[in-house]
Amino acid sequence: MAQIPLVANFQGDFVSQLVAIDDSATMAELAGVCASHSVNRRVAEQPGKTLAVKRPDDDAFWPASTRVADSGLTAMDVIEVHFVDPD
Amino acid sequence: MSKLDRSEWYDLTRATTWSPSYVTEEQLFPESLSGGRGIPLEDWSTYDEPYKVTYPEYVSVQREKDAGVYSVKAALERDKFVERAEPGWLSILQAHYGGIALGEYAASLGEARMARFAKAPGNRNMATFGALDETRHGQIQLFFPHANIKRSHRWDWAQKALHTQEWAATASRSLFDDIILARDAVSISIMLTFAFETGFTNMQFLGLAADAAEAGDHTFASLISSVQTDEARHAQQGGPALKILIEHGKKDEAQRLVDIAFWRSWRLFSVLTGPMMDYYTPLADRQQSFKEFMQEWIVDQFDRSIKDLGLDSPWYWDIFLRELNDTHHGMHLGVWYWRPTVWWNPAAGASVEERDWLEEKYPGWNDTWGRCWDVITDNALRGRFDKTLPETLPVVCAMNQLPILGCPGKSDGTGWGLRTYTLEYGGRKYHFGSEVDRWIFEQEPHHYAGHKTLVDNFLEGAIQPATLEGALAFMGLTPEVFGEDATDFAWIEGFRELRKAS
Chain A
1 MAQIPLVANF QGDFVSQLVA IDDSATMAEL AGVCASHSVN RRVAEQPGKT LAVKRPDDDA
61 FWPASTRVAD SGLTAMDVIE VHFVDPD
Chain B
1001 MSKLDRSEWY DLTRATTWSP SYVTEEQLFP ESLSGGRGIP LEDWSTYDEP YKVTYPEYVS
1061 VQREKDAGVY SVKAALERDK FVERAEPGWL SILQAHYGGI ALGEYAASLG EARMARFAKA
1121 PGNRNMATFG ALDETRHGQI QLFFPHANIK RSHRWDWAQK ALHTQEWAAT ASRSLFDDII
1181 LARDAVSISI MLTFAFETGF TNMQFLGLAA DAAEAGDHTF ASLISSVQTD EARHAQQGGP
1241 ALKILIEHGK KDEAQRLVDI AFWRSWRLFS VLTGPMMDYY TPLADRQQSF KEFMQEWIVD
1301 QFDRSIKDLG LDSPWYWDIF LRELNDTHHG MHLGVWYWRP TVWWNPAAGA SVEERDWLEE
1361 KYPGWNDTWG RCWDVITDNA LRGRFDKTLP ETLPVVCAMN QLPILGCPGK SDGTGWGLRT
1421 YTLEYGGRKY HFGSEVDRWI FEQEPHHYAG HKTLVDNFLE GAIQPATLEG ALAFMGLTPE
1481 VFGEDATDFA WIEGFRELRK AS
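Residue numbers (the working numbering), protein chains in the order written: chain A, 1 to 87; chain B, 1001 to 1502.
Since the hints were made in silico from the structure, they are not lab data. Idealized CB from N, CA, C, for every residue including glycine. Heads up, a few of these hints could be off.
Stated by the list, open to error - Below, computed lysine-lysine pairings styled on DSS-like, alpha-carbon distance capped at 27 Å:
#, chain 1, residue 1, chain 2, residue 2
1, B, 1291, B, 1361
2, B, 1052, B, 1307
3, B, 1291, B, 1410
4, B, 1073, B, 1150
5, B, 1243, B, 1291
6, B, 1065, B, 1003
7, B, 1052, A, 54
8, B, 1052, B, 1361
9, B, 1410, A, 49
10, B, 1073, A, 54
11, B, 1080, B, 1003
12, A, 49, B, 1387
Unchecked claim - Have a look at the derived ranges for each label pair, beta carbon to beta carbon:
#, chain 1, residue 1, chain 2, residue 2, range
13, A, 20, B, 1045, 52 to 62 Å
14, A, 59, B, 1031, 47 to 57 Å
15, A, 84, B, 1445, 53 to 63 Å
16, A, 84, B, 1031, 49 to 59 Å
17, B, 1425, A, 1, 21 to 31 Å
18, B, 1467, A, 28, 23 to 33 Å
19, A, 28, B, 1374, 24 to 34 Å
What the hints assert, rightly or not - Per the computed footprint, the stretches of chain A lying under chain B, defined by three or more beta-carbons under 8 Å from a beta-carbon of chain B, are:
#, region
20, 12–19
21, 37–48
Let the hints inform the model, and build the full structure from the sequences given.
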């Protein structure tokens, strides 16, 4: 287990933020940590939606259960967190 | 013996120069300090500064200027404007003095470098006066706030700010180190005097003076408009240098220097002047919006002066024009949200009436930036002030040291403009707030690659403890200067009334 810092851009927020996450965490947990710094601070909740994580230039999101350690993310990579419809 | 008429001796004295015989030209004018770029000394001697002054004239005029400004200050001290000024106005003063006073001193060093190392004698002559000007500006913008130290330590940040690792001070220092202290004399004339001074300082010193007079702060209005009269003279040193570079086939080099300095200056102004004009200045006293001031002073006037000299608009002009709609709104939101990390009290500027004004000046503001402020307002109305303060750091641009930001997007989900521009160099990842900032880095990476941002320092363990408290201490901030909302959230009451009524 190791902590890695990431640059998090949350959909509907205006600023890139520093987020530290254990590499054993899932994408769902990572999304939750990112949300804690944006949702109900500067971004309104979107009831009925869930959160998903991707690299800025990718189209596809990681599955919620993917672990950070298996994602290929390294220190200070940039991620985007989006509200999406649940599967 | 009667004195000679000025016209009989001026041209002899303004261009005092000689051909070195005891040392080589390179020893007298080292390239790294002088920046002669292979242009012969006799060609540099054709440098013709548009504004000419003799030393006796300089002393006489400057003495009158200072007598005027200091007497206004003395007369108004009994008025105690500071004690009854709107909190947002005090924040403007505290932010201005801290961000700028020691930058003026840095500019005096830049002028001194030109005074000694410029190959053009006319430049050396003008820069001697320029060094005196900037010494005046540093001193006067330390002396004026010093009178208020008894009221609050925030005024002490006029002297302290640029000696600290506070992030806004770092952004200021990063700009001035790049366009002044780390450059040769020719580059300084172009980057400092042409791009920064003729471009942007009119905004801060004349545009803001108009707001100051409206707000009743005649001490500050008189001070900064007086400072700007000096600027109008020494800022003209860059034009003739650009002309000589272009005549010698170095237009690309000249363009690059202007493009770098203009963008870097823009980004600092977006975090200082933008919030001051659109959020801190009391609503009734706002002469124009920040975008309107920028349109008048920069987009129209400066762009014309670039073209008159034979240069092109910077390659990123369209990006810059788009940014006029958003960047400073983001800088303001960032400064306000992370307010404990600045030495002044940011005024939210987001009351009901102020938001109407913002919508008028920036159509669509309420459906973008306003949506972030909606969440903040809701939290404040519910007493959840903890949610209006941060629990992590923003990621700052490796070039301008400011938060990487963009438009939060509209309610229909479109228009989200937050993008991080990344570069890998020398095994390290660098993040930038725009493709222009990244481009600047790529021009001279060795110049910038070794710098560590606040976030780099945090990640490397230089900030201990690795908490908000540790970061505040690292930045030199002490509890009595941590920024708070300037009106203690009085601005939310209008929303409370609206909700009761509906």
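Each hint tested on the structure:
{"no.": "1", "hint": "B:1291 / B:1361", "verdict": "holds, 8 Å"}
{"no.": "2", "hint": "B:1052 / B:1307", "verdict": "holds, 24 Å"}
{"no.": "3", "hint": "B:1291 / B:1410", "verdict": "holds, 20 Å"}
{"no.": "4", "hint": "B:1073 / B:1150", "verdict": "holds, 17 Å"}
{"no.": "5", "hint": "B:1243 / B:1291", "verdict": "violated, 30 Å"}
{"no.": "6", "hint": "B:1065 / B:1003", "verdict": "holds, 26 Å"}
{"no.": "7", "hint": "B:1052 / A:54", "verdict": "violated, 60 Å"}
{"no.": "8", "hint": "B:1052 / B:1361", "verdict": "violated, 41 Å"}
{"no.": "9", "hint": "B:1410 / A:49", "verdict": "holds, 17 Å"}
{"no.": "10", "hint": "B:1073 / A:54", "verdict": "violated, 57 Å"}
{"no.": "11", "hint": "B:1080 / B:1003", "verdict": "violated, 48 Å"}
{"no.": "12", "hint": "A:49 / B:1387", "verdict": "holds, 22 Å"}
{"no.": "13", "hint": "A:20 / B:1045: 52 to 62 Å", "verdict": "holds, 60 Å"}
{"no.": "14", "hint": "A:59 / B:1031: 47 to 57 Å", "verdict": "holds, 51 Å"}
{"no.": "15", "hint": "A:84 / B:1445: 53 to 63 Å", "verdict": "violated, 38 Å"}
{"no.": "16", "hint": "A:84 / B:1031: 49 to 59 Å", "verdict": "holds, 57 Å"}
{"no.": "17", "hint": "B:1425 / A:1: 21 to 31 Å", "verdict": "holds, 30 Å"}
{"no.": "18", "hint": "B:1467 / A:28: 23 to 33 Å", "verdict": "holds, 27 Å"}
{"no.": "19", "hint": "A:28 / B:1374: 24 to 34 Å", "verdict": "holds, 27 Å"}
{"no.": "20", "hint": "12–19", "verdict": "holds (count 8)"}
{"no.": "21", "hint": "37–48", "verdict": "holds (count 6)"}
The structure is inconsistent with the numbered hints 5, 7, 8, 10, 11, 15, although it conforms to all the rest.
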